[in-house]
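Please build the complex by placing chains B, C and D on the supplied structure of chain A, with the hints as guidance.
Protein chains: 4
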Amino acid sequence: MVVVMDLSAGEEQVDAVQRRLEENGFEIHCIRGVKRLVIGAVGDRQIISSLGLETIPGVMKVIPIMKPYKLVSREIREEGSVVRVKNALIGGSNLVSIAGPCAVENPEQMHSAAQAVSRAGATILRGGAFKPRTSPYSFQGLELEGLKMLAEAAEAANLASVTEVIDQASLEMSLEYVDMVQVGARNMQNYQLLRLVGRCGRPVLLKRGFSATIEEWLMAAEYIVSEGNENVVLCERGIRTFENATRNTLDLSAIPVVKSLAHLPVIVDPSHATGDRRLVTPMARAAVAAGADGLLIEVHPDPKRALCDGPQSLDPDEYAALMEELRLIAAAMGRAA
Amino acid sequence: MVVVMDLSAGEEQVDAVQRRLEENGFEIHCIRGVKRLVIGAVGDRQIISSLGLETIPGVMKVIPIMKPYKLVSREIREEGSVVRVKNALIGGSNLVSIAGPCAVENPEQMHSAAQAVSRAGATILRGGAFKPRTSPYSFQGLELEGLKMLAEAAEAANLASVTEVIDQASLEMSLEYVDMVQVGARNMQNYQLLRLVGRCGRPVLLKRGFSATIEEWLMAAEYIVSEGNENVVLCERGIRTFENATRNTLDLSAIPVVKSLAHLPVIVDPSHATGDRRLVTPMARAAVAAGADGLLIEVHPDPKRALCDGPQSLDPDEYAALMEELRLIAAAMGRAA
Amino acid sequence: MVVVMDLSAGEEQVDAVQRRLEENGFEIHCIRGVKRLVIGAVGDRQIISSLGLETIPGVMKVIPIMKPYKLVSREIREEGSVVRVKNALIGGSNLVSIAGPCAVENPEQMHSAAQAVSRAGATILRGGAFKPRTSPYSFQGLELEGLKMLAEAAEAANLASVTEVIDQASLEMSLEYVDMVQVGARNMQNYQLLRLVGRCGRPVLLKRGFSATIEEWLMAAEYIVSEGNENVVLCERGIRTFENATRNTLDLSAIPVVKSLAHLPVIVDPSHATGDRRLVTPMARAAVAAGADGLLIEVHPDPKRALCDGPQSLDPDEYAALMEELRLIAAAMGRAA
Amino acid sequence: MVVVMDLSAGEEQVDAVQRRLEENGFEIHCIRGVKRLVIGAVGDRQIISSLGLETIPGVMKVIPIMKPYKLVSREIREEGSVVRVKNALIGGSNLVSIAGPCAVENPEQMHSAAQAVSRAGATILRGGAFKPRTSPYSFQGLELEGLKMLAEAAEAANLASVTEVIDQASLEMSLEYVDMVQVGARNMQNYQLLRLVGRCGRPVLLKRGFSATIEEWLMAAEYIVSEGNENVVLCERGIRTFENATRNTLDLSAIPVVKSLAHLPVIVDPSHATGDRRLVTPMARAAVAAGADGLLIEVHPDPKRALCDGPQSLDPDEYAALMEELRLIAAAMGRAA
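Protein chains in written order, with this note's numbering: chain A, 7 to 343; chain B, 7 to 343; chain C, 7 to 343; chain D, 7 to 343.
Same shape as in the complex, but just chain A (with noise of 0.2 Å):
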């Protein structure tokens, strides 16, 4: 941590924030240049913020210098992770693809989508059964009912499955039917949430905040591998910026910062940032060029019939044409698809 002085802190100023710093355990380097002093500490990055050193007239900026993140980093893991969910391992050299509605509505609906995405070589279906939507007047998922229909129908096209969760007690009827859960957008900082998934054992998708900077989102992931469980998978959705000709800006460059950062496989769901089927194909093709190691892909077998979000939703026809796409992309990226 470096204390940057102000340029009229006296003596006994900097004296106070050399005794905290020393109470707590800090060993002291002090930088006089001609306008300012600084003061280089060395000692517990876990406890600075605890320090109050901010407040201590004299003192102008505190700057961390080491990341808040541990678990997560690669510095304690050189190889990336690789996650597995059931036969797919995701942050291997395969692309994985996750594919399926955004809600789960009928059974027709779901063994429709499951073997669509199935023989277009997905191998996670994806459905939600509870969902978070903007007004409480919207259709709000068919909860249990829903999970059952996703778990059959990813039996049936022999496909892992994953489904949103958005309280213990979701969380609890999910972890009967599906193989992954999902913690998504808004409640990215949810940590009672991140918490319970995090005591669950069983693999987490953690989707980004829409305006979570990627330092809180590896908190984030800190959060769920803090409590034992490091089979989390990040999942790049779009961040909140002033354009609006897409709902959101997809920001690719997330994948090799993560890459850098974390030992963390990344996805990429390019549905949910652009909120516009015509763009989910360049996009797709796009993270994948950019290093992702699976895509979230929504598909629906009628999507101008879909209960939610079919604007951005790909029909059977249009997936596995992408498909088809980026299976040349990751082969030039030296990978299967």
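Heads up, a few of these hints could be off.
One copy or two, either will do: identical chains are not told apart, so a pair holds if it fits within one copy or between any two.
As the list claims (entries may be wrong) - Taking lysine to any residue and the SDA-like style, the derived pairs with C-alpha atoms no more than 20 Å apart in a straight line are: (1) Lys310 to Asp12; (2) Lys67 to Val10; (3) Lys265 to Met72; (4) Lys41 to Arg83; (5) Lys310 to Asp282; (6) Lys154 to Ser87; (7) Lys310 to Pro63; (8) Lys73 to His269; (9) Lys67 to Arg51; (10) Lys154 to Gln174; (11) Lys310 to Thr219; (12) Lys67 to Leu181.
What the hints contain is simulated information worked out from the structure, not anything from laboratory work.
Below, chains B, C and D alone, put in the same frame as chain A:
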């Protein structure tokens, strides 16, 4: 709702849109411009998103006209709502001051804070017993013990009390001890929690998510009110922008905007917005001048020993001086403080 | 400056950094933490960016400590600057009001606006003769004829005058007619224009770019002052954020932040920030309460006939009422208005 | 255009809107919903903003339907444009590579850069002679001498050349030496400069402003084309967001969005977008996979000695390796590189 058709949309495509609208009870008006066909449709706002219009070939975009919220709308209640929390009336002619430490730490701290803010003119004591923290390694709150300390300190100083709740368990515990419950910025779109506080029978302080639009914030309030709880107070606390000179950017124009759209009271938290105690006083003054119904200010008996958010906390003397300044601005606004 | 080395940096890499720093006259201090080597370096702030340190293998990041601006810094002038524009003193104890229409349209409009704003208490008349417009097909200003109308109206009403300049030609023309020149938000990083106004010998109103950080804004002011012109007034006019309920988000915390960093006066333009005349009055009041030295308000004799920005313009009666309200807030702040 | 009236708007207010529209040649359609009156109006898109409709009492909002640009719109030219710069065709079946140093420094540097990028497959050499820098104390470019070095190096390596222009003087000088002129991100809304390059008779590379919406970017292109110059190439270079792990956030979805709206070619600059040479290669690959027509990459013979932007520059070997990777992705996209 207005549906804009593509330049190239053919007759069958237009027919498909019209059929879909008519099937769902909408009345239709076609407006043919030189280059675009625009279809105006009058009907139920709540079902627009499930019509899947954007997925019909030839549709360029769908523009809703009505606001998505109803119960919180100024249109259904022309006069502003007043929310009573013990003796404090939020939204009335008096400016209401909520103050206290970020986290409850021990009985002495709470007692000392309560006496100080009461003397300065606050009527509601805040204090966190359940702390959602970015890092799993940071102090997470004293939970039940904290609630007791908060309640005792508030009672001794004749103050009402408010605390943040983060899930069902913390809500149930809090209802035993506090007069008002707070939903924090990170949980503004935790819809399960919104429903729970909507049924809890106690006034709710709903903080704006740091990247929520005003419309999303009002939809979150709509969740609470739609469960039968009309006692919702909105709290602006800064939004995330590119500017990093302050922790967040305090959006004071949200006050008059919300006042024009909704009938709920609006207060402001300049402590979290700026993250810097030197900016709290000017921003508190500005909030009152912009029309805020109250303020939420972090006050700690000894900020440099605070376990949480010390750098943004005022000490008792600073808070008393702030309240003096606010009285002058409030008087200029024709309000008591 | 602080240079943080990679965990894996070897001795030769550290040597390379040290050599590069020493060659350029920096004094070096090494701080060895458990996981990182940090190199503190004391020397010339201005050459840091040309050292290419980030390109040396093993360097993780470079953190400058000193601010990049000098001449505008509060550190070299503890007392705030006061800029004189004819009889108006911006930055002194009086609140200064600049008002007038977005664009100069004709002599009657300017005369009528000038008389109205003067009566209400403004001391500087604004009016655009060169309009930077998003569309090449929009009205672009009356140029020389507009300058003459502005000057005549200002003189008749005994007001000073200010107009926006956009290049060398418009600057040269304007210097014949106005007392102060304005650099608009879109030109805040047009460094050629900044240099030109830095040599023009007339006070400069420098608007903040709508996506400029405060540091970039101060660097733009540094450009002007470094050419010898100290008479720079900063104008906050809203920043671009994700919120679209207002045209931009007025960043009032910029006022106390700038005041702490720089010695230049700061005024606020709530008309452009909000784009909505109903928000101008509350945001003007808030700006004064936050410590602004003045206000820039769009006033048009007949806003619904305005060629430009009518929706955000006040009419003369609304402006007079606003000024009455401001007087109350200014008085509460200990200022005359 | 659609005009939405307030719930409370009376008959005279509706009449006032209709009169105003009819006076200006608009054809009117009224749609009366349960709670709102909506007026559809068909007429000239270009005059909407001067109608002052928002200022008429009772008007809630005005929603334009048509896009504000015409000449760059895909609607007037279904096939994409191809821009020729010497032998390079941007927008055709080949991926075009522009490369070179940020700033021209000396003849050896330019010669060495030109040879290296040519060998690797680039066809256009870049090099800045006029540098818009955030600090007035940074290196500002070699101007005329720099243009000569750029021209000589390009000619010797049989490359076309491009350089940034910042005002009339730099444009006039540059036209003597380079094949294409660039308008930088900070000048994207410098409308005087846009008009000048619109009349210069040379292809223009128009960078997206770092906080410009896609619509504003296309309007900037419209300025150039409206002056008679159709040879405009758009360049995405990252937008400003809250994320600070990268300098800017590269918005690759802008590529398919622009392609759907406009007929101009689009290239991508991953060097400025990320500010980090380690991210240039993955982002370059992703840009090609998203459908970019070319790339602009910073290459310096010795990045650690670069006077400008060394941290984001590739050295010749890294650039050659990047080009190898791009060939694979381009081939997967059915393009030569």
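Identical-chain pair category, Lys310 with Asp12, by Cα at 20 Å: Result: close only across copies, 17 Å inter versus 61 Å intra.
Intra/inter-copy verdict for Lys67 and Leu181 if alpha-carbon distance must be at most 20 Å: neither (46 Å within a copy, 39 Å between copies)
Intra- versus inter-copy proximity for Gln174 and Lys154 (alpha-carbon distance at most 20 Å): within (18 Å within a copy, 26 Å between copies)
Intra- versus inter-subunit Cα pairing at 20 Å for Lys310 with Pro63: between (62 Å within a copy, 10 Å between copies)
Intra/inter-copy verdict for Lys310 and Asp282 if alpha-carbon distance must be at most 20 Å: within (13 Å within a copy, 38 Å between copies)
Status of Val10 relative to Lys67 across identical chains (alpha carbons, at most 20 Å): Answer is both: 5 Å inside a copy and 17 Å across each meet the 20 Å cutoff.
Homomeric proximity label, Lys154 with Ser87: Cα distance no greater than 20 Å: Classified as neither; 31 Å inside a copy, 44 Å across copies.
Within, between, both or neither, where Lys265 and Met72 count as close if Cα-Cα is 20 Å or less: within (17 Å within a copy, 32 Å between copies)
Up to 20 Å CA-CA - His269 versus Lys73, copy category: Classified as within: same-chain Cα gap 14 Å, cross-chain 35 Å, threshold 20 Å.
Up to 20 Å CA-CA - Thr219 versus Lys310, copy category: Answer is neither: 34 Å inside a copy and 28 Å across each miss the 20 Å cutoff.
Intra- versus inter-copy proximity for Arg51 and Lys67 (alpha-carbon distance at most 20 Å): Intra 16 Å, inter 18 Å, cutoff 20 Å: intra and inter.
Homo-oligomer pair classification [Arg83, Lys41; C-alpha up to 20 Å]: between (41 Å within a copy, 15 Å between copies)
Checked against the numbered hints above, the structure violates hints 6, 11 and 12; every other hint is satisfied.
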